[in-house]
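Residue numbers (our numbering), protein chains in the order written: chain A, 1 to 562; chain B, 563 to 1124.
Incorrect hints may appear among the rest.
[Claimed, not checked] Residues from chain A that face chain B, not an exhaustive set, calculated with beta carbons under 8 Å:
#1 Thr109
#2 Leu173
#3 Pro174
#4 Arg196
#5 Thr251
#6 Leu447
#7 Thr476
#8 Ala500
#9 Ala508
#10 Gly514
#11 Ala524
#12 Ile540
#13 Arg561
[Said to hold, decoys possible] Here are the simulated lysine-lysine pairs, DSBU-like style, with alpha carbons at most 30 Å apart:
#14 A/Lys191 x B/Lys1116
#15 B/Lys931 x A/Lys193
#16 A/Lys55 x A/Lys554
#17 A/Lys356 x A/Lys270
In short, the hints are calculated from the structure, not lab data. For every residue, glycine included, the Cβ atom is placed at its ideal position computed from N, Cα and C.
Number of protein chains: 2
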Amino acid sequence: MAHAERKLANGATRVDFVTDPGRYRHWRLSVDGEIATLLLDVDEQGGLFEGYELKLNSYDLGVDIELADALERIRFEHPRVRVVLLRSGKPRVFCAGANIRMLAGASHTHKVNFCKFTNETRNAIEDASEFSGIHTLCVVTGSCAGGGYELALATDHIVLVDDGSSSVSLPELPLLAVLPGTGGLTRVTDKRKVRRDYADVFCTTEEGVKGKRAAEWRLVDEAVPHTKLESAVAERARAFAAKSERPQAATGVALTALDRTVGPDARRYKYLTVEHRRAERTATFTVRGPDAPPPASADDMVAQGAAFWPLELARELDDAILDLRFNELDTAAIIFKSDGDRAAVLAYDAFLEAHKDHWLAREIRLKWKRLLKRVDLTSRTLVALVEPGSCFAGTLAELVFAADRSYMLVGRLEGDNQPPPALALGPANFGDYPMSNGITRLESRFLGEPESVGKARNRIGDDLDADEAADLGLVTFALDDIDWEDEIRVFLEERASFSADALTGMEANLRFGGPETMESKIFARLTAWQNWIFQRPNAIGEEGALRLYGTGRKPAFDTRRV
Amino acid sequence: MAHAERKLANGATRVDFVTDPGRYRHWRLSVDGEIATLLLDVDEQGGLFEGYELKLNSYDLGVDIELADALERIRFEHPRVRVVLLRSGKPRVFCAGANIRMLAGASHTHKVNFCKFTNETRNAIEDASEFSGIHTLCVVTGSCAGGGYELALATDHIVLVDDGSSSVSLPELPLLAVLPGTGGLTRVTDKRKVRRDYADVFCTTEEGVKGKRAAEWRLVDEAVPHTKLESAVAERARAFAAKSERPQAATGVALTALDRTVGPDARRYKYLTVEHRRAERTATFTVRGPDAPPPASADDMVAQGAAFWPLELARELDDAILDLRFNELDTAAIIFKSDGDRAAVLAYDAFLEAHKDHWLAREIRLKWKRLLKRVDLTSRTLVALVEPGSCFAGTLAELVFAADRSYMLVGRLEGDNQPPPALALGPANFGDYPMSNGITRLESRFLGEPESVGKARNRIGDDLDADEAADLGLVTFALDDIDWEDEIRVFLEERASFSADALTGMEANLRFGGPETMESKIFARLTAWQNWIFQRPNAIGEEGALRLYGTGRKPAFDTRRV
């Protein structure tokens, strides 16, 4: 299974991303009116895997799963919250970053997937600030090192207590011979815009930077004496709260437990089924359209809560994608299928559009935006099959556009009395779901022929058959019954025969043409360099710094520059 | 030395980047008025290293050194050339790309440095088109695979003969389990803007794409029948020539042999000395200012030719940087020093500015732009020491701004009667030399405080002492005599103690804050992923595809996705 190198501490065989505040071991979420506090107080004995202790508020994937959950709950369950205070529940340490012994003993795959997930969680903090009016303040007391500082970097405002010892640092390079892996370098240069030579000094200084110098170098927003800390934090919180447009009075929606059945070869949710064909190394994700028309009003949507189709499906897909990333490493391709009524899907899109200023509708669309980005960033071949009975329309059509290739059937399958499939576009395909490069999937697709975006827009709402969809450039191949099965089988076999690594690298390049953003830079430039370093003997070899950390032995480096 | 894994075929111990058309073994450069032809006709027995044959017009570093040289000669020696035709001298094959046996037997370091140099050469082809009016047409007859197609991608226009067999392809992934390493993926998506799903099909199809489909997918600009090939090429060449503003009548400048003495620990040129302190793992580059004022006229500049100070120094620095990259792998830091008269340096800058529309002045500034980008991309720690007697002014001050850190002396050194050092800015620092991210080094430096660019501009021409330079943010540290030697020594020792790989990754991130361009994407996203893959067992392991190529054995892949 996924983690041959380590056993899950809870005895399970799969990492599970579902949790709730009642089960948190490392974070405490408290809400007081428009201010929420997330207190990091890591349970040393609460590591997700066996073999290490989470000392000094260091974290592993389990800690981050709780953080991601808490952020989702603030969005959905606490619509009045406008400011989140990120604080440490331990004296003298804010957070020591990712646990080094965990990293040292983790497989390359786990390291990379762990960094990807933590990156997505930090991006979600910034997304909440920009689009949801949930602003995060980080109150740094004690040492804030590595991934701890990278978490701080994702917030809107960092207050560092100026007490002569509290500090921020990125000690990865001097200490471990790796890079900060969760956006640190990019946020230092591109978000906080620290001067590059100061950044060089900072990133090579194990003990980090304290007090006024940290503020002068723009590493933190302010350094305040201990006596003034609480008043400064309260003042900043008020100021950020005043900028937010979250509702003054609104009732949240409980993110109830997912309706999920996990079998050996399948994972069944209410609106999603995942089937593993392990011999072929494929996982088929079949999403189902809604089984009822949209509610009559926004209040009815709130009343449906977590059962509201777009929200429930988004949560199911998110869970399934994460499960696959961490627990099904051998899967080469994800096959997206759909089943349902296109008009009903578009009706839900229209409902969300009609209520786009309602906090819940907004959160649901933002959830889909993040989910679809997670799909883009999943390092498996993505293929969409547009078959009879499918409902790839509007929001669901984004799965087709996220795919590396899509196949659409021309006409019917022999012996099948369903009508030929159709694809339908909606307004959602033209701006609601930008990729991490800042533009839509259709804009990315049509970089070389921007007029094709307009042509597609003119067909919003139409049932497009395979030939029309191919003419509009919306699918890769339109195939008739004679070729359908063989072509797809050959493609999937071929894909499974290629090097997994080369495919990962190729897809990471081809999926993100065009502009770059800070987010895409993190996932491209920084992540790729980090992955390279995570393979180099200087870090992970027998004499490498990451391997030897804590043993008292000095690493022996190959000094040749590449 | 550099290439323990292979011996240089010529018996030398260092790769030498100096060549001239009389010594070419693989390319033939012919000039006919405004049209130059570069014919690729690789000498199978002419490999730079022992152990492989350059079959099917495949290339190694030696082939690319000739190409880079030829392009420089077209710029400087043939100012009337407006169009370069890139053609194959062999039947049925245009170019098979980088030689696979060479790659399979090369060290990781050589592979990475080789790809970097070939990337720089391809970027220079595009730079010549955009800024020098030298447009390149690629005439593809026969198979054009991998690095061959990546070379074609760097040209302005690709004509593919539609003869039923000639094709373009990127077979790296299916054949070798690596990526195209010379910008291929990025140019397919971002330059030619091939639709991402077609790009996926193309990059996984070993045999490539032929004829009309290649044109329809935008992989080539046109596919023409054999009978019409020459007329089509001639017509395109005329059209591109008409767009060029290169001079109708001008005499070129011979790029004469560099005045160079290579000793065991030093490399001496007319205006540059490189001293290796191998125990400390440093190389000190001391550049010297001009020894005479600028010439009186553009004609006098042409008459000085390769001896003209800015041109001579640029060629010397280029040679020295390349030598260090390939032959001095153990060097951790490059220390830039200078020696000369700041006013004289600024006078040469002013001369080039006054004659900026003269073809030779333009070429010299473009040469400096490319050279400085090469410095930025050199994976060694860069440090500048601004000491008494130095002449970091204008163009030479860019070396200070390219450095990861700079140190400037406050006052004098004890026992030294030279006046305190000064730094001087010139107009050249504000636009002549953009980095690969599209903005100047000062703009990159001051991303977080753009007003500092303006403040610096207000001080153009002033002699800035260390305190002033530090106040303006132009140097990292201003140190007095008491701290000078120790601080720098400790810094260099510390740097040499860090992991070479982690430094490479960190510097590649911190040096390029802010915007991204196609060029920076190639060096960041694509290169970093390729470097990662070049470390993965699926490519380079005992059972990896790159290692087993040509043995008839099938690679055994680790199928887990990362």
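So, going through the hints one by one against the coordinates:
Below 8 Å, beta-carbon pairs count as interface contacts, and A/Thr109 has one with chain B at about 5 Å; its hint therefore holds. Interface hint status for A/Leu173: upheld, as the beta-carbon distance to the closest one in chain B is roughly 5 Å, under 8 Å. The interface hint given for A/Pro174 is met, as the beta carbon of that residue sits about 6 Å from the closest beta carbon of chain B, less than 8 Å. A least Cβ separation of about 5 Å between A/Arg196 and chain B falls short of the 8 Å threshold, and the interface hint therefore holds.
Interface hint at A/Thr251: violated, since its Cβ lies 42 Å from the closest Cβ of chain B, which is beyond the 8 Å cut-off. Taking 8 Å as the C-beta contact cut-off toward chain B, the hint placing A/Leu447 at the interface holds, the least distance being around 4 Å. Taken as an interface hint, A/Thr476 checks out: its beta carbon lies about 4 Å from the nearest beta carbon of chain B, inside 8 Å. Taken as an interface hint, A/Ala500 checks out: its beta carbon lies about 5 Å from the nearest beta carbon of chain B, inside 8 Å.
Evaluation of the A/Ala508 hint against chain B yields a held restraint, the C-beta minimum of about 6 Å falling below 8 Å. Below 8 Å, beta-carbon pairs count as interface contacts, and A/Gly514 has one with chain B at about 7 Å; its hint therefore holds. At about 4 Å, the closest approach between the beta carbon of A/Ala524 and any beta carbon in chain B falls short of 8 Å, and the interface hint on this residue holds. Nearest Cβ of chain B to the Cβ of A/Ile540: about 10 Å, over the 8 Å cut. The hint is violated.
Contact between A/Arg561 and chain B, as hinted, is supported at the beta carbon level, the nearest pair being about 5 Å apart and thus within 8 Å. Under the criterion of a C-alpha separation no larger than 30 Å, the hint pairing A/Lys191 with B/Lys1116 is inconsistent with the structure, at around 47 Å. Taking the CA atoms of B/Lys931 and A/Lys193, the gap is near 24 Å; set against the 30 Å cutoff, the hint holds. Restraint check for A/Lys55 and A/Lys554: the C-alpha separation of about 22 Å stays at or below 30 Å, so the hint holds.
With a C-alpha separation of about 25 Å, the suggested pairing of A/Lys356 with A/Lys270 holds against the 30 Å cut-off.
The earlier numbered hints that this structure contradicts are 5, 12 and 14.
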